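Which chain is which? The protein sequence lines are A and B, in order.
Mapped onto numbering that gives the first Met the number 0, the consecutive letters of the first sequence carry residue numbers 0 to 132.
Mapped onto numbering that gives the first Met the number 0, the consecutive letters of the second sequence carry residue numbers 0 to 388.
Among the hints, erroneous ones may be present.
[What the hints assert, rightly or not] Partial chain A-side listing against chain B, Cβ under 7 Å, derived:
hint	residue
1	61
2	66
3	69
4	79
5	89
6	90
7	91
[As the list claims (entries may be wrong)] One-sided and incomplete, this derived list gives chain B residues near chain A with beta-carbon spacing under 10 Å:
hint	residue
8	139
9	199
10	251
If you are wondering where the hints come from, they were derived from the structure by calculation, not from laboratory data.
Nothing here was measured: the structure is a model prediction, and the numbers come from that model.
All C-beta atoms, glycine included, are put in the ideal place defined by N, C-alpha and C.
Each chain, letter by letter, is given below.
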Amino acid sequence: MAIPRFWREIQSRYNLIGTKCGSCGKVDFPPRAVCPTCGRRSVGKMQRIQLAGKGAVVTYTVIHDAPAQFEMQKPYVMAIVQMEEGVRLTSQLIDVKPEHVKIGMKVQATFRKLGQEGEAGVIHYGYKFRPMA
Amino acid sequence: MRDVAVIGVGETEFGELWDRSFRDLGIEAGLKAIQDAKLRSEDIDAVYIGNMSAGKFIDQEHVSALVADYAGLADMHLPTVRVEGGGACGAIALLQARLAIASGMHDIVVVGGAEKMTDVGEVQAAEILSSTADQEWETVFGATFAGLYAMMARRHMYEYGTTREQMAAVAVKNHKNGALNPEAQFQKEITIETVLQAPWVAEPLGLFDCAPLSDGAAAVVLCEMQKARKFTDTPIRIAGSGQASDFLALHDRRDLTMMDATVVAGKRAFAEARLNPKDVQVAEVHDNFTISEILAIEDLRFVEKGKGGPATADGLTALNGKISVNTSGGLKARGQPVGATGVAQAVEIVRQLRGQGGKRQVVGARRGLTHTLGGTGATAVVHIFERGD
Numbered sequence: 000m001a002i003p004r005f006w007r008e009i010q011s012r013y014n015l016i017g018t019k020c021g022s023c024g025k026v027d028f029p030p031r032a033v034c035p036t037c038g039r040r041s042v043g044k045m046q047r048i049q050l051a052g053k054g055a056v057v058t059y060t061v062i063h064d065a066p067a068q069f070e071m072q073k074p075y076v077m078a079i080v081q082m083e084e085g086v087r088l089t090s091q092l093i094d095v096k097p098e099h100v101k102i103g104m105k106v107q108a109t110f111r112k113l114g115q116e117g118e119a120g121v122i123h124y125g126y127k128f129r130p131m132a
Numbered sequence: 000m001r002d003v004a005v006i007g008v009g010e011t012e013f014g015e016l017w018d019r020s021f022r023d024l025g026i027e028a029g030l031k032a033i034q035d036a037k038l039r040s041e042d043i044d045a046v047y048i049g050n051m052s053a054g055k056f057i058d059q060e061h062v063s064a065l066v067a068d069y070a071g072l073a074d075m076h077l078p079t080v081r082v083e084g085g086g087a088c089g090a091i092a093l094l095q096a097r098l099a100i101a102s103g104m105h106d107i108v109v110v111g112g113a114e115k116m117t118d119v120g121e122v123q124a125a126e127i128l129s130s131t132a133d134q135e136w137e138t139v140f141g142a143t144f145a146g147l148y149a150m151m152a153r154r155h156m157y158e159y160g161t162t163r164e165q166m167a168a169v170a171v172k173n174h175k176n177g178a179l180n181p182e183a184q185f186q187k188e189i190t191i192e193t194v195l196q197a198p199w200v201a202e203p204l205g206l207f208d209c210a211p212l213s214d215g216a217a218a219v220v221l222c223e224m225q226k227a228r229k230f231t232d233t234p235i236r237i238a239g240s241g242q243a244s245d246f247l248a249l250h251d252r253r254d255l256t257m258m259d260a261t262v263v264a265g266k267r268a269f270a271e272a273r274l275n276p277k278d279v280q281v282a283e284v285h286d287n288f289t290i291s292e293i294l295a296i297e298d299l300r301f302v303e304k305g306k307g308g309p310a311t312a313d314g315l316t317a318l319n320g321k322i323s324v325n326t327s328g329g330l331k332a333r334g335q336p337v338g339a340t341g342v343a344q345a346v347e348i349v350r351q352l353r354g355q356g357g358k359r360q361v362v363g364a365r366r367g368l369t370h371t372l373g374g375t376g377a378t379a380v381v382h383i384f385e386r387g388d
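For reference, chain A alone in the conformation it holds in the complex (with noise of 0.2 Å):
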């Protein structure tokens, strides 16, 4: 992924921001200008929130065939995780065996490595998650 690309979108890999709609108060992940529910009413009026980085886990895989850059980490754990505002996210789940992975799992975010340009290449940070503690 382009340097440009992944830097634009740093404050949301790195601290949960999202947005929080002024209209209807229904939190989104990553940012939104418009309101999924309130269309043309919540423009202008959306509000960036941090989100907590607690949730729960609503489904999962374990990655077997994975792409390049995960190959030296299968097999892993993607989920989506519902957080505690209500919008969920995809992500990584770690310091958990796979067979250990429940739905409704609580996990909280962490702040990880998530990959490299190349092999001196800039290196991408953001969240993964792992079991609360």
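Given the structure of chain A, go ahead and fit chain B onto it with the hints provided.
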């Protein structure tokens, strides 16, 4: 709107066709469809092409003009259109061509779908398929296309008790149908054990839960209904079409165990056709993964929500079952050249409704349906076809 009918169909074999190029495939399918319709080149008003990602797979864009050119149509200076919409591109091209005729702008349009996927390696091809998901918020974190469908499967198992054996039954059925299709990539029957013992791709999906990477093309000739009767005694009328979109990323969808885009596209198509799911005898649905067919038959209301797994295991969707699903072998066994998918599905339905299904003919088929997905369900297209005689 004017009525539109299919008057010609053609397709290449599907598979790893090392010796055939993108243009070879597109032209073979197109010429077969034109021959089937008994058209002259001068009769054609426009060419529409469904193609997902020639730019990434073969480093060639502008493939609509390319295919028309090598089909010998360059001197006619026809309008050519290439449609992109993930895996649904062929079905969208068909819909757009139908609209062009229904509007009165054109009378006869050739619709092609083509993809050449094996010029790149398997890992790269899988990454290209993943690019129809959200690259910024899904795949960058390590999600794969199969992984996203695996998460739908896991949730469906959790909520409805769907089993791996029931999902495997989709692959077994489609391979059985594929064995009756001389154009299919896999013409070999498999067992439940084959599916269950295959290596994992993304749990709970194994290798045999996934459709293959393929090269191939398909084409249909669409014609205004009055004119269609001059070309054929069995025009196949497009009775209804529906297209719908949804959140691009799977995690944003309302319900992970169903595809709202399929539900809405299906309702729109059935409403236009003034028909119900029970009026359809044969359907080609988007089985890029085994779970996808289970979701599709539920979301199209062929079976009750949550009952797709048991229905498949019980043979309701087998050849000449309650409704025959994926008689061609589906994406799983016939093959999955992505851009060709929606058009190839239409080719199969037309063959079935004409009574040209050969060993896999559905007895008494008068109406058929195609269902095609883009991405993980951010686009869905449904077409309903019926005999026009």
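Comparing the hints with the structure gives:
1. 61: Given a least distance of 4 Å, the restraint on residue 61 of chain A holds.
2. 66: holds (5 Å)
3. 69: Result: holds, 5 Å to nearest chain B Cβ.
4. 79: holds (5 Å)
5. 89: For residue 89 of chain A, the interface hint holds, since the closest Cβ of chain B sits about 5 Å away, which is under 7 Å.
6. 90: holds (5 Å)
7. 91: holds (5 Å)
8. 139: holds (6 Å)
9. 199: holds (4 Å)
10. 251: holds (7 Å)
Violated hints are absent here; each numbered hint is respected by the structure.
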